[in-house]
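Protein chains in written order, with the numbering used here: chain A, 1 to 275; chain B, 1 to 157; chain C, 1 to 385.
Don't read these hints as lab results, they were simulated from the structure.
There's no promise every hint is true.
Claimed, not checked - Below, computed lysine to aspartate or glutamate pairings styled on EDC-like, alpha-carbon distance capped at 20 Å: (1) C:LYS249 <-> C:GLU97; (2) A:LYS256 <-> C:ASP343; (3) C:LYS256 <-> C:ASP246; (4) B:LYS131 <-> A:GLU209; (5) C:LYS220 <-> C:GLU62; (6) B:LYS12 <-> B:ASP111; (7) C:LYS238 <-> C:GLU210; (8) C:LYS256 <-> A:GLU274; (9) B:LYS131 <-> B:GLU38; (10) B:LYS70 <-> B:ASP98; (11) B:LYS70 <-> A:ASP192; (12) A:LYS256 <-> A:ASP3; (13) A:LYS256 <-> C:ASP139; (14) C:LYS77 <-> C:GLU62; (15) B:LYS12 <-> A:ASP3; (16) B:LYS94 <-> B:ASP111; (17) C:LYS74 <-> C:ASP197; (18) C:LYS77 <-> C:ASP246.
Being a predicted model, the structure only gives us computed values, none of them experimental.
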Amino acid sequence: MRDPMTPSLYRVDKVVRELPDTATLGLVPSGGDGPFSFRPGQFNMLYRFGMGEVPISISGDTLDRSRVVHTIRAVGSVSRALTELAPGDEVGLRGPFGSSWPVDEAAGHDVVIVTGGIGLAPLRPAIYHVLSNRGRYGRFVILYGARTPNDILFRSELESWRSRFDVDVLVTVDSAGREWGGNVGVVTRLVDRAGFDPLHTVALVCGPEVMMRFAIPALNGRGVPNGRIHVSMERNMKCAIGLCGHCQYGSYFVCKDGPVFPFARIATLFAVREA
Amino acid sequence: MGDIRDMGLLLKEHPFFQDMGKAARETIAGCGRNEVFEAGRYLFHEGGAADSFYLVRHGAVAVELHVPGKDPVVLETLHSGETVGWSWLIPPYKWSLDARAVELTRVVVLDAKCLRGKMEKECALAYELYKRFVPVMAGQLLAARFRLTDVYGNPER
Amino acid sequence: MPDMDAKASGAAVVLGVDGLDALVGLLVAGGYRTIGPRVEEGAVVYGPVRGVADLPAGYVDEQAPGSYHLTRKKDGKALFDWTVGPHSWKRYLYPPEQLLFRAERRGGGFSVLPAAEEESPLAFIGVRPCELAAIAVHDRVFSGSGVVDPGYAGRRDGAFLVAVNCTRAGGTCFCPATGTGPRARTGFDLALTEIEDGKRHLFVVETGSERGAALLAGLKAPPADGALLATVTRLTRKAAKAMVRDVPKDTPQVLKRNLDSPRWDDVAARCLGCANCTLVCPTCFCATVEDTTDLSGGVAERWRRWDSCFTSDFSYIHGGVIRREIRSRYRQWLTHKLATWSDQFGVGGCTGCGRCITWCPVGIDITEEARAIRAGEGRAGEGRR
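So here's chain A without its partners, still in its complex pose (with noise of 0.2 Å):
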């Protein structure tokens, strides 16, 4: 029986700085395992020898069976020594695990992603899919908040996006100097100035909890139901398995259950607070 709390062994094929504290890792198995597949929105627990697991969402391709792609923003000394690997770095991996965001679903429908941050990361490998299969979805929009113009993750890519006559991409910042010709302003007004038909949107949210508690009535004041939009959420993790109980949200686990919810499943979670 293999035991599903020992990683399999990857090799850092590709390193790109994103941004001063995030960076994207392309893996290789290196310990015997096959191709890696995977459903957009999964993570992967990734082990840095000697010093920890942490839960991190894959966001290359799923069509890329090259390698396994995931962006890390350092947020602790995990993540830190993760986004410090080398080619040739060695990493211990277990995955994918969890829930992943509705894009067969989504057929037919307008898509609108809303997403702010590191946020966008997760969100990644739903984009690809979204414009692979482009002639089954309605109207694709995507949003985008940061804090400033440098810290807008995958820029070039968001560019290149924007540049199709089948996408629409909007950026802002929440500050900028007179230098950024963009928007200025929270992610959720780019929602009323969106063009989707509310009726007939997926809508997919990933971004800080604030955040997504602003976005959500955004959504529904242009008319999309709780029903048709996806949330991913955060929690504690340590085996992503729904054994360590770390993740727990209700009734549901979060490594197991989510971590994409259809938000009217845990609207009611949502609003109770913890403290």
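Dock chains B and C against chain A, hints included.
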């Protein structure tokens, strides 16, 4: 009269005046005129007399704070379908910030002196306007508060 | 899992104290690590036992909210007159500390060596019905919900369970309310009922598995007659009647709709957040992991350790702790135990053993808290969300 009817149509199409009664809209239309701002031109400056407000028809306007010795800080950008300026409602009717066209921007300028006079006389009209400005102000206040929390900030920093 | 779901099968037999000693001896001889009740530091705990001489003869526990006293009856002979102590069998099936793997540096990378699991099978002597229920709960958690914990499954598969029915109610337990006792119906290899009334000292033994029947066959024990079986029923019913605490069936719904009850503030003012309740609970399974390296940095280990939802960093995510106040932590514990657990695993999380009540340093009684939350319904608006 023809101008007012055209202006009435423009207002009717603008989200800010949606659902406003025809009479009130026609009254307001009497205080409006079209204007175009080239990119970089200021709609108004901090401290100037706030005797107008603007409906953005096309383009984008940056609301800025001038900082001595530094580049101005852009606080918010406003786009087609939105309004610029509410200092005209609040004594002593002076602009608190700068507003600059980010790109070629077409606006409807509404003469605030004219409107203030009409609002004093017609409470119903005043109510119609306040009913539309208060949510805009509340929305911007909430957005400003949201940004105060620095949600995207790295907790490690 | 061995097939232990069959109802006690075959005729019940009678063993004397010597017979029980022989039964333990057979398990020892069969290569089992025999674990049973022992008296240590003033409490009945579970540790290695080799025969009845190791068992707590004559000991009786007095339990109440926040208190546990073990006394020895003068001339007392009964081996199982105590109820449950601070230990539960989870410390053997799901050890407090477990090595998950070792990793060794190798060039630029490292290799992972799984933790060796070469242990002889376990035999538990004296598993109470509420504890059988707790083990059944852990079976769901560790191998019945899609993911299998191989360490647990391995230890559990081999484990031989000798249950003992309760003929005396503990001071804090309430198994009739959770439907888990005081008489074992399922989940055991053998189940004992001790009858010790001055005139006689014997054990009525019921069989719950083929393995149990096979072991018993080696003892050539006589069958139990109808009068003895009636005594078993009478004694366990008497124990059931002595337990007064109740957990009404609709408790999950009541708790879920009262997450803003002012009672959470009330209990938070008393709760010390010490985590005792979670450590003594036979079903609490939360764990954390710890990484260590040797001095050279060449060898790393990853350990799993019991954790508690009452610890301050349990809900930490980058930037902060989600459940900062004891109110939130207590609410998490109680709602999980009595409400959301059954959504997760299709079985309740509380088996009525009463340990959390006894070992709470301030005597918080979960049944009382649940009752108070129900009583406070309608005043919910006074609380915080």
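A quick look at each hint next to the structure:
{"no.": "1", "hint": "C:LYS249 <-> C:GLU97", "in the structure": "35 Å, violated"}
{"no.": "2", "hint": "A:LYS256 <-> C:ASP343", "in the structure": "14 Å, holds"}
{"no.": "3", "hint": "C:LYS256 <-> C:ASP246", "in the structure": "18 Å, holds"}
{"no.": "4", "hint": "B:LYS131 <-> A:GLU209", "in the structure": "31 Å, violated"}
{"no.": "5", "hint": "C:LYS220 <-> C:GLU62", "in the structure": "37 Å, violated"}
{"no.": "6", "hint": "B:LYS12 <-> B:ASP111", "in the structure": "17 Å, holds"}
{"no.": "7", "hint": "C:LYS238 <-> C:GLU210", "in the structure": "30 Å, violated"}
{"no.": "8", "hint": "C:LYS256 <-> A:GLU274", "in the structure": "14 Å, holds"}
{"no.": "9", "hint": "B:LYS131 <-> B:GLU38", "in the structure": "31 Å, violated"}
{"no.": "10", "hint": "B:LYS70 <-> B:ASP98", "in the structure": "15 Å, holds"}
{"no.": "11", "hint": "B:LYS70 <-> A:ASP192", "in the structure": "32 Å, violated"}
{"no.": "12", "hint": "A:LYS256 <-> A:ASP3", "in the structure": "17 Å, holds"}
{"no.": "13", "hint": "A:LYS256 <-> C:ASP139", "in the structure": "18 Å, holds"}
{"no.": "14", "hint": "C:LYS77 <-> C:GLU62", "in the structure": "17 Å, holds"}
{"no.": "15", "hint": "B:LYS12 <-> A:ASP3", "in the structure": "67 Å, violated"}
{"no.": "16", "hint": "B:LYS94 <-> B:ASP111", "in the structure": "14 Å, holds"}
{"no.": "17", "hint": "C:LYS74 <-> C:ASP197", "in the structure": "14 Å, holds"}
{"no.": "18", "hint": "C:LYS77 <-> C:ASP246", "in the structure": "32 Å, violated"}
In this structure, the hints that do not hold are numbers 1, 4, 5, 7, 9, 11, 15, 18, in rising order.
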